[in-house]
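Visitor: Please model the complete structure; the sequences and the hints are all you need to start from.
In order, the protein sequence lines correspond to chains Z and V. For the first sequence, the residue numbers in the working numbering are 335 to 498. For the second sequence, the residue numbers in the working numbering are 56 to 639.
Some hints here could point you the wrong way.
List time: in silico DSS-like cross-link candidates among lysine-lysine, alpha-carbon distance up to 25 Å [said to hold, decoys possible]:
| id | chain 1 | residue 1 | chain 2 | residue 2 |
| --- | --- | --- | --- | --- |
| 1 | V | Lys546 | V | Lys347 |
| 2 | Z | Lys457 | Z | Lys339 |
| 3 | Z | Lys362 | V | Lys539 |
| 4 | Z | Lys388 | V | Lys540 |
| 5 | V | Lys540 | V | Lys218 |
| 6 | V | Lys96 | V | Lys539 |
| 7 | V | Lys96 | V | Lys589 |
| 8 | V | Lys137 | V | Lys170 |
| 9 | Z | Lys339 | Z | Lys416 |
| 10 | V | Lys176 | V | Lys155 |
| 11 | V | Lys282 | V | Lys403 |
| 12 | V | Lys516 | V | Lys584 |
| 13 | V | Lys176 | V | Lys154 |
| 14 | Z | Lys339 | V | Lys192 |
| 15 | V | Lys584 | V | Lys218 |
| 16 | V | Lys155 | V | Lys170 |
| 17 | V | Lys550 | V | Lys218 |
| 18 | V | Lys58 | V | Lys74 |
| 19 | Z | Lys416 | Z | Lys353 |
| 20 | Z | Lys365 | V | Lys218 |
| 21 | Z | Lys362 | V | Lys546 |
| 22 | V | Lys218 | Z | Lys388 |
| 23 | Z | Lys432 | Z | Lys420 |
| 24 | Z | Lys365 | V | Lys96 |
| 25 | Z | Lys362 | V | Lys218 |
| 26 | Z | Lys365 | V | Lys540 |
| 27 | V | Lys267 | V | Lys192 |
| 28 | Z | Lys365 | V | Lys539 |
| 29 | Z | Lys362 | V | Lys540 |
| 30 | V | Lys112 | V | Lys64 |
| 31 | Z | Lys388 | Z | Lys362 |
| 32 | V | Lys546 | Z | Lys388 |
| 33 | V | Lys539 | V | Lys218 |
| 34 | V | Lys539 | Z | Lys388 |
| 35 | Z | Lys457 | Z | Lys444 |
| 36 | V | Lys282 | V | Lys398 |
| 37 | V | Lys539 | V | Lys550 |
Think of the hints as simulated: they come from the structure by calculation, not from any bench.
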Amino acid sequence: MANTKTVVPFTGTAEQEAKLCEVIAAHKGQKGALMPVLQGAQEIYGYLPIEVQKMISNGLDIPLEEIYGVATFYSQFTLNPKGQYKISVCLGTACYVKGAGDIFNRLQEKLGIESGMCTPDGKFSLDACRCIGACGLAPVMTINDEVYGRLTVDDVDTILAKYR
Amino acid sequence: MEKEMVNIKINGMPFSVPKDSTILEAARYAGIQIPTLCYLKEINAIGACRICVVEVKGARSLVAACVYPVAEGMEIITNSKKVQQSRKITLELILSTHKKECLSCVRSGNCELQKLCHDFKVDDEHRYDGNNPEWPKDDSAVHMVRDDNKCILCRRCVAACAKWQGIGVIGPNERGFNTHIACAFEQNLDEVACVSCGQCIVVCPTGAIYEKDQTDEVWAALNDPAKHVVVQTAPSIRATLGEAFGMPVGTNVTGKMAAALRRIGFEKVFDTDLAADMTIVEEAHEFVERVKNGGVLPMITSCSPGWIKYCEHYHPDMIPNLSTCKSPQQMFGATVKTWYAEKMGWDKKDIVVVGVMPCTAKKFEVQRDDEDAAGSGIPDVDIALTTREIARMIDRAGIQFTELPDEEFDSPMGESTGASVIFGATGGVMEAALRTAAEWVGGKPLEQVEFTDVRGTAGIKEASYQIGDLTVNVAVVSGLANAKKLLEQVKSGMKNYHFIEIMGCPGGCVNGGGQPVQPASVRNFVDLKSIRAKALYDADEAKTLRKSHENPALLTIYKEYFGEFGSHLAHRILHTSYTERSRF
Chain Z
335 MANTKTVVPF TGTAEQEAKL CEVIAAHKGQ KGALMPVLQG AQEIYGYLPI EVQKMISNGL
395 DIPLEEIYGV ATFYSQFTLN PKGQYKISVC LGTACYVKGA GDIFNRLQEK LGIESGMCTP
455 DGKFSLDACR CIGACGLAPV MTINDEVYGR LTVDDVDTIL AKYR
Chain V
56 MEKEMVNIKI NGMPFSVPKD STILEAARYA GIQIPTLCYL KEINAIGACR ICVVEVKGAR
116 SLVAACVYPV AEGMEIITNS KKVQQSRKIT LELILSTHKK ECLSCVRSGN CELQKLCHDF
176 KVDDEHRYDG NNPEWPKDDS AVHMVRDDNK CILCRRCVAA CAKWQGIGVI GPNERGFNTH
236 IACAFEQNLD EVACVSCGQC IVVCPTGAIY EKDQTDEVWA ALNDPAKHVV VQTAPSIRAT
296 LGEAFGMPVG TNVTGKMAAA LRRIGFEKVF DTDLAADMTI VEEAHEFVER VKNGGVLPMI
356 TSCSPGWIKY CEHYHPDMIP NLSTCKSPQQ MFGATVKTWY AEKMGWDKKD IVVVGVMPCT
416 AKKFEVQRDD EDAAGSGIPD VDIALTTREI ARMIDRAGIQ FTELPDEEFD SPMGESTGAS
476 VIFGATGGVM EAALRTAAEW VGGKPLEQVE FTDVRGTAGI KEASYQIGDL TVNVAVVSGL
536 ANAKKLLEQV KSGMKNYHFI EIMGCPGGCV NGGGQPVQPA SVRNFVDLKS IRAKALYDAD
596 EAKTLRKSHE NPALLTIYKE YFGEFGSHLA HRILHTSYTE RSRF
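Guide: Right, dumping it as structure tokens:
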């Protein structure tokens, strides 16, 4: 689930924090300030970990729970960073009937993470997606811009090894 | 100004109702209580649960009565077949994910969902059974348990926490079928800055939030022949306990309460009021000292453990302003385990002090640091029960509460004054302190003991009194959202006070998080805070002794043990310290 708390250690920089403070200052006191600030924060950090949400809570004087509630309500927000290699498995109808579910499970098992999460070393993130228009190659997954088609469960290990 | 009225029809009958009413309010004029689940006056008008739906002539569909305003000529039908069917289906849908544990549920008998299911004859509890999420029960906090499996997502707790208390540690997480009430990042309650006030408990319509029941621990102590089990009851319990036995709101049951506690088997039935009087003499002494010696001002009262925890989490810079006095509950326990234990020849390790409190934060308070005057490992108070828990004990013991004779507290720690009785209402501590401080500084008996400016249920009250040479500016606050507002004004220098009383719950202890639960149908239409408070002010007026420093038992205790007010020994036994806590 995309809302699972991240296992990747926070590595925010002072520069990012200064940027976030600017975004907060620009919206502080306005009605409905939280949404644009969350969007800005996600743009700066790529995701919304507890460290960032606490900064927003302090800055806007909004309870942390309220912020977390909004962040987990909208699918545009994520609590997990994207990895150096973004793995996306198509679970659209064609891929699914060709066994994409098994491939997805194998990836979860090999990487030790669930859908929407990122490995602790920041290397791989895993997401499920819908049809990417390559049904002829089903089942399909992408790693960054690379497309892998006609996959079998056994292919997963060899493909991952390339990126390790 | 005369209220502007509109003419409407409810179920065919004509009524004239104030223009700014909702349909829900207007229906009360017709003697009709439209059922609600999510609606809570002033803080939770969100029209979400759909139980209050009614037909309005000309409207496209059923409308939510709790948020729909009346208009001239409106025709409303509250009980048609269509309305009843809709409400019944809504109930069945709520039940589809509700953990139906109704036989033993703590709220069985006063559960709002259970009552509605009964009223609407929901005879198939499993009509829409399906996928059922299992939520982990959060019993991490010392004072309460949250069980999302019984939650109906009405958000009344969320509103109480965020709007009354300005805290917001619980709220809806995720969306759709996964929506559930929890803390940020799914942390447990004991990991976040919850102040333990329990306002979420008293507004919950079901058994999803409840105090951590400690009645079995008390029964175990009562059944142990080696233990001396001493009970003390807080000032406000006498004004509310009757409600748990169907008596009208605001009935003073002091005598029946003492009788019931004796019948349960407590060895001594004492009154926290005595310790409230001790709090006043210590606090008034501390205040006079601070004024004389240029100490930190404004001084802020420390009786309310919810407020104390709030201050430690959210305003740690104000800790030096807190009075170092322990709360009455803790002063009482400390005195029992020192002075009284010596007097009785009891081993302090064999004493079990039970507090009956209007408050769930008292459960947190008993296990705080520096609340063990009789020695390390010997807490001043062993168990703090809420009003609801003691009512449960009375029920289990088969005691016919309403038929009991009025009995007295035991001597000597059952003696009290009018000043301590009013501790249970917002403004009561301030008034009691003023009675004593004014008399001490003035050096002559007060002619007028009533300080009425600090009475009433307004969230923030201010007054100025001439005490000796000093014009004392005081403020009285209840509800932590109000406290936040006031503290910000104090910090910015906008307001200048000498003495501030803060109680964590709106209206003070009479409306505490440990008090009997009243359903929304009562809460939304009856002013619980003032009716319960009136019982205390009436009791004060009926007392001959109305000033704390005149309490004869208190004078004996100081003469025999503590010496002067504010003495070194009094400081060691009756005062405490505070800790800075994190906001997250």
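Visitor: Mind listing which of the numbered hints don't hold for this structure, in increasing order?
Guide: Hint check: nothing fails, all pass.
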